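Chemist: Sequence:
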Amino acid sequence: VSGTTVYQQRWMQEYIEILDRNAFGNYRDLMQEMTLSPAMGEYLDMVRSTRQNPNENYPRELLQLFSVGLYMLNQDGTLKLDNQGNRIPTYDQEKINQFTKVFTGWSQCNSGNNPACPNAVVGAPNFIDPMILNFPNDHDQTAKTLFDYPNAPNPTIAACASCTTNAARIAYANDSLNKTLDNVFYHPNVGPFIGKLLIQHLVTSDPSPAYVARVAAAFNNNGAGVRGDMKAVIKAILLDPEARGSRKTEPTYGKLREPLQYLTNFLRTFNVRASTPVTINGVPTAPPAFCQNRSDGVLSWQTGQMGQDLWVPATVFSYFSPEYVVPGTDVLGPEFALANTSTSFARNNLMMGYSFEWNWFDPATAANPYPWTPCGTSIDISEAVAWATADPTGNTLIEGLNTKMMHGTMSEAMKSKLRTAINFNVPARMKAQQAIFLTASSSQYQVQR
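Reading the sequence shown from the start, the letters are residues 1 to 449 in our numbering.
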């Protein structure tokens with residue numbers, strides 16, 4: 001879902017809450033809720049798909065992006081190939097046409113008289129309650145041919161022979177939807193496809209096939225015979241030998257922190273807070289009283305400068321494609337799709353601002369503050385200043401930042417460069433600021449390993 005279409009805050013909020021509710025639940029439940037999400041229905045046009053005018057956007061993305069992918073996979077995420085060495089498509093246009101029939105007829109739950117629509121308000125679109133079949137005859141009632149793989153549930157759905165009443169049509173449509181989602185959920189591609197995507201986001205962009213296979217196995221069976229248990233999947237990802245253990249030194253290991261995670265990780269490390277009072281021309285000035293010493297937390301303009309316009313991904317692939325390869329290599333690096341000269345400068349500039357304790361608020365316009373950040377945001381570097389004060393050599397400061405920011409993984413070469421960069425007769429605070437900035441803008445910090 002993207003703010004390019006779903007532009008009201010409350011519309012987006014319910015979509016995020018679906019993800020939140022199901023993050024540690026079962027993937028099949030997430031598929032069900034997301035399919036009937038009015039925000040998803042608006043963004044991918046399912047809300048407008050009828051048997052008279054079917055729209056393939058949602059069924060296509062359900063398959064391509066959320067479940068099976070474009071090509072048949074082995075359980076380790078590698079491609080299956082035919083006898084000529086070619087990739088094997090997971091589906092073709094005719095299969096998309098068949099799936100499209102299933103997702104016709106649903107629309108927003110706008111009727112205040114319907115008990116299924118407790119949040120309906122007359123005159124306003126309902127982006128809170130799940131979509132329903134307001135006009136049951138808009139659902140396609142013909143036969144559908146779905147995926148047919150070993151032990152596939154519901155490879156076909158028969159035409160409705162008894163759809164003579166709205167109640168019968170609604171029952172048929174809901175039954176067809178459930179059967180279709182089961183058919184997709186049990187497809188052998190889902191475990192390795194979803195498992196690899198989650199590894200890319202949580203640990204490393206280019207995981208080994210063996211890593212993917214172990215995570216896919218957890219998706220297929222949580223140890224108690226349950227498929228799609230996200231707790232088991234995430235546990236397998238984070239406790240895998242490739243995710244834990246000694247410092248990772250393989251050149252292809254890790255992931256570039258995407259802008260939002262890069263910024264929030266840095267801010268949390270240094271106790272992010274509302275901007276403190278500052279002195280302008282000898283006059284103590286503070287953010288407006290209505291801030292109540294709290295930051296407004298509005299960071300989207302900052303992530304936007306770094307290439308990630310928060311809540312407004314440009315395409316259905318979200319902010320970047322999982323298949324993006326780092327230029328000049330054969331290494332998967334999805335987040336590098338956002339990296340260019342402009343966004344790299346923005347990263348450095350923002351880290352410079354926070355490290356040197358700029359107040360992200362303009363006291364001169366406090367009566368009419370910038371609309372995006374009236375309360376301001378700053379960090380607390382007092383601990384780093386104390387390290388720099390106690391040890392003029394800078395070693396305590398560097399080791400402290402190594403632990404605080406990089407979990408002890410800073411290379412000796414980087415430590416040496418930092419030592420040289422801060423070894424000047426300047427106040428301890430300036431040493432701390434310089435060291436924080438150089439660490440935050442370094443490749444060793446920006447690439448999470």
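Treat the hints as calculated values from the structure; they're not laboratory data. The structure displayed is predicted, hence computed values, not measured ones. Beta carbons are placed, not taken as given, at the ideal position from N, Cα and C, and that holds for glycine. One should not assume that every hint holds.
[Unchecked claim] Calculated pairs, BS3-like style, for lysine-lysine (alpha carbon to alpha carbon, straight line, at most 25 Å): (1) K417 / K248; (2) K248 / K415; (3) K415 / K404; (4) K95 / K80; (5) K179 / K95; (6) K248 / K235; (7) K404 / K417; (8) K95 / K248.
[What the hints assert, rightly or not] Pairwise CB distance ranges, derived in the manner of DEER restraints: (9) A158 / V325: 50 to 56 Å; (10) A159 / I96: 15 to 21 Å; (11) L260 / R21: 19 to 25 Å; (12) R268 / Q52: 47 to 53 Å; (13) N151 / L81: 19 to 25 Å; (14) N151 / V121: 20 to 26 Å; (15) A386 / P118: 51 to 57 Å; (16) L79 / E383: 46 to 52 Å.
Chemist: Could you run down the list of hints and mark each one as holding or not?
Modeler: These are the hints, each one checked on the structure:
no.: 1; hint: K417 / K248; in the structure: 21 Å, holds
no.: 2; hint: K248 / K415; in the structure: 18 Å, holds
no.: 3; hint: K415 / K404; in the structure: 14 Å, holds
no.: 4; hint: K95 / K80; in the structure: 19 Å, holds
no.: 5; hint: K179 / K95; in the structure: 16 Å, holds
no.: 6; hint: K248 / K235; in the structure: 19 Å, holds
no.: 7; hint: K404 / K417; in the structure: 18 Å, holds
no.: 8; hint: K95 / K248; in the structure: 43 Å, violated
no.: 9; hint: A158 / V325: 50 to 56 Å; in the structure: 44 Å, violated
no.: 10; hint: A159 / I96: 15 to 21 Å; in the structure: 19 Å, holds
no.: 11; hint: L260 / R21: 19 to 25 Å; in the structure: 21 Å, holds
no.: 12; hint: R268 / Q52: 47 to 53 Å; in the structure: 51 Å, holds
no.: 13; hint: N151 / L81: 19 to 25 Å; in the structure: 23 Å, holds
no.: 14; hint: N151 / V121: 20 to 26 Å; in the structure: 46 Å, violated
no.: 15; hint: A386 / P118: 51 to 57 Å; in the structure: 54 Å, holds
no.: 16; hint: L79 / E383: 46 to 52 Å; in the structure: 49 Å, holds
Of the numbered hints stated above, those contradicted by the structure are hints 8, 9, 14, listed in ascending order.
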